[in-house]
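If you read the protein sequences in the order shown, they are chains P and R. Note that the numbering used here gives residue 77 to position 77 of the first sequence, counting from 1, and the numbers run on in steps of one. Note that the numbering used here gives residue 498 to position 271 of the second sequence, counting from 1, and the numbers run on in steps of one.
These are calculated hints, taken from the structure and not from any lab test. Predicted model only: the values in this text are computed from it and were never measured. Heads up, the beta-carbon is just placed ideally off N, CA and C, and yes, glycines get one too. Among these hints, one or two may not hold up.
Quick list of simulated restraints, FRET-style, between CB atoms [said to hold, decoys possible]:
| id | chain 1 | residue 1 | chain 2 | residue 2 | range |
| --- | --- | --- | --- | --- | --- |
| 1 | R | 426 | P | 80 | 39 to 45 Å |
| 2 | R | 405 | P | 63 | 51 to 57 Å |
| 3 | P | 83 | R | 395 | 30 to 36 Å |
From chain P, some residues computed to sit far from chain R (all C-beta separations above 10 Å) [unchecked claim]:
| id | residue |
| --- | --- |
| 4 | 2 |
| 5 | 11 |
| 6 | 27 |
| 7 | 28 |
| 8 | 36 |
| 9 | 43 |
| 10 | 56 |
| 11 | 59 |
| 12 | 65 |
| 13 | 125 |
| 14 | 142 |
| 15 | 144 |
| 16 | 148 |
| 17 | 153 |
| 18 | 203 |
| 19 | 213 |
Examples of chain R residues lying across from chain P (beta carbon under 7 Å, computed) [as the list claims (entries may be wrong)]:
| id | residue |
| --- | --- |
| 20 | 412 |
| 21 | 438 |
| 22 | 444 |
| 23 | 447 |
| 24 | 448 |
| 25 | 451 |
| 26 | 453 |
What follows is the residue order along each chain.
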Amino acid sequence: MTALGDLVRWLTDPVNWQGPHGIPVRVFEHIELSAISVLVALLIAMPIALYLGHTGRAGFIAINVANVGRALPSLALLAFGLVIAISLGLGLGFWPTVFALVPLAIPPILTNAYVAVREVDRDIVEAARGMGLSEGQILKAIEVPLGLPLMLAGIRTAAVNVVATATLGALVAGGALGRFIVDGLALQEYDQLMAGALLVALLAVATEVSFAALERATVPAGMRAIR
Amino acid sequence: MKRGNKLIGALVAVAVVASACGGAGSGGSTGGTATATATATTVARPDVIVGSTNFYEQITLGELYSQILEANGYKVTRKFNLGNREIVEPAIESGQIDVDAEYLATLLAFVDKDGKVAKPTTDPKETQTGLQKALDPKSLTVLDFAQATDQNGFVVTQATASSKNVKKLSDLAPIGNTLVLGGPPECPQRPFCALGLKNTYGITFKDFRPLDTGGPLTIAALDGKQIDVGLLFTSDPSIVAKNFVLLDDDKHLQLADNIAPVVRNALLQKDDGTLKRLLNSISAKLSQAELNDMNKQVAVDKADSKVVAAAWLKKQGLIK
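Excised from the complex, chain P in its bound form (with noise of 0.2 Å):
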């Protein structure tokens, strides 16, 4: 009970909402961090996701090789990151979180793009073909939108694993909610770091529901009732 009353201190305590190392500075930053990664997964993902959906190629290997960023453990993706971006000169915290975020996010981007395109009924495809649409209006036209449900799931997913991982940034010197935890751990300080963990989780379930919205704003009128 007194960690609660702890953690509710801590929370409403107005000197932790001020401030460069403040909880909206550190919440911004937190969301930066995992746009971005998110973003750039998406960059690497979705051509190649669209590609091999449409064409039905290699489908199988793509999948299977994204899967290896799930087994790759985030924390030497982020050791590594680190050593990458310091030779490069990026400097520390954000861009090697951003190193060990990505190859997190493109599995299920990858995987449910390509399943998207590929269980898109293939008589509407090649009735589509049929009246003469190139390749690119079929995967446009057609694929896309009757895929975007589950290519949105995806995109979820992977936002929500990043949220909850990108608090490994601050190991690295980064910023963003993960610091509250790091400095509540060395600082023995329980209640910031249970705030941290805290905030964190509320910022996962919030890029989840505001995914949800997202789906039901963009997916076409006639698919809802599919879902």
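Could you slot chain R onto chain P? The hints should help.
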């Protein structure tokens, strides 16, 4: 890193003790309780087992001790890399090793955890006296300490040092509000880190960046100019390798972790005093710059500590 945490832990423990109880008296007698047993018949040198804990500096120091003894006719067995102090200290107490290199303040805090006998201070002489008192019941003797230390140190880059003209910590007081300090996350609240800099030197920094305890993050952040002042250990090889400037602790904030040999009394009793003289001759020459240079050769250049130690002993004229 492991060592770093331990050192910080020990320092913190000391700080807690220091604030908890008053002064324990520190008496006079230093060093060798039994060295006057030299007779003309003890020409045969006793065999010596030199031990060390598990990081490069300790192995180099072990080599220094071993090689100077070997050069003077002792038969030396090396038992290096035994583990941390939790392993090595009981080993010397029980006679599994005879000699090792220790750090005054940290060893005192280790053998006298609640500070009943003596508390480490910022003065090496005083700390050594206290340490000897704590070692007496264990039949161990601490010999002369070197100028070289392995303790918290604050460093700046060569560029910062020359552009802002800083050589010692007190130089930071007027310009602290333009500088960013980097160190372990707990630094702002630790008496031997930012809190001590504020209280002892009156330095308030513009900002603090949480990094690691004298590890790669701090070095990279200094190198990449993300911080201006960083906390490293005074014998960190990167100080030489990266040409950092170790700021002089001119108001004595840090506890005296000077390096000194610790020897079993049983060994000193078997010896004619030569061993003591030889080990003390190393301490007399072991400055911070000399130690850091050797650490850099071993840890950064990956030179063999045996070779580095031999070269240093020759350079100092301690062996031929």
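Hints and how they fare:
Take residue 426 of chain R and residue 80 of chain P: their Cβ atoms lie about 40 Å apart, and the range 39 to 45 Å holds. Under the hint 51 to 57 Å, the C-beta atoms of residue 405 of chain R and residue 63 of chain P, about 53 Å apart, fit the expected range. Taken as a hint, the range 30 to 36 Å holds for the pair residue 83 of chain P and residue 395 of chain R, whose Cβ atoms sit roughly 34 Å apart. The beta carbon of residue 2 of chain P sits about 21 Å from the closest Cβ of chain R, which is more than 10 Å, so the claim that it is off the interface holds.
The Cβ of residue 11 of chain P lies farther than 10 Å from every Cβ of chain R, with a closest approach of about 20 Å, so its non-interface assignment holds. No Cβ of chain R approaches the Cβ of residue 27 of chain P within 10 Å, the least distance being about 18 Å, so the stated non-interface status holds. Even its closest Cβ contact with chain R, about 17 Å, leaves residue 28 of chain P beyond 10 Å, as expected for a residue assigned away from the interface. For residue 36 of chain P, the non-interface assignment is confirmed: its Cβ lies about 19 Å from the closest Cβ of chain R, beyond the 10 Å cut-off.
Residue-level check passed: residue 43 of chain P sits 27 Å from the nearest beta carbon of chain R, beyond 10 Å. Interface exclusion of residue 56 of chain P from chain R stands, the closest Cβ pair being 46 Å apart, more than 10 Å. Every beta carbon of chain R lies more than 10 Å from that of residue 59 of chain P, the smallest distance being close to 41 Å; the non-interface claim holds. Taking the minimum C-beta to C-beta distance to chain R, about 31 Å, the non-interface status of residue 65 of chain P holds against the 10 Å cut.
No Cβ of chain R comes within 10 Å of the Cβ of residue 125 of chain P; the nearest lies about 52 Å off, and the non-interface call holds. Non-interface status of residue 142 of chain P relative to chain R is upheld: no Cβ of that chain comes within 10 Å, the nearest being about 50 Å off. The Cβ of residue 144 of chain P sits about 42 Å from the closest Cβ of chain R, beyond the 10 Å cut-off, so the non-interface label holds. Consistency note on residue 148 of chain P: stated as away from chain R, and its beta-carbon is indeed over 10 Å from all of that chain's, at 42 Å minimum.
Separation of residue 153 of chain P from chain R is adequate, the least Cβ-Cβ distance of about 37 Å exceeding the 10 Å criterion. Distance to chain R confirms residue 203 of chain P as a non-interface residue, since its nearest Cβ pair spans about 21 Å, more than 10 Å. Its beta-carbon lying about 35 Å from the closest one in chain R, residue 213 of chain P satisfies the requirement of being farther than 10 Å from that chain. Here the hint on residue 412 of chain R is kept, as its CB sits about 4 Å from the closest CB of chain P, short of 7 Å.
A cut of 7 Å between beta carbons decides the hint on residue 438 of chain R: the least distance to chain P is about 5 Å, and the hint holds. With a cut of 7 Å, the hint placing residue 444 of chain R at the interface with chain P holds, because the nearest CB-to-CB distance is about 5 Å. Interface hint status for residue 447 of chain R: upheld, as the beta-carbon distance to the closest one in chain P is roughly 5 Å, under 7 Å. Taken as an interface hint, residue 448 of chain R checks out: its beta carbon lies about 6 Å from the nearest beta carbon of chain P, inside 7 Å.
Given hint, residue 451 of chain R at the interface with chain P, holds; its Cβ is 5 Å from that chain's nearest Cβ, closer than 7 Å. Interface restraint check for residue 453 of chain R: the shortest CB-CB distance to chain P comes to about 6 Å, inside 7 Å, so the restraint holds.
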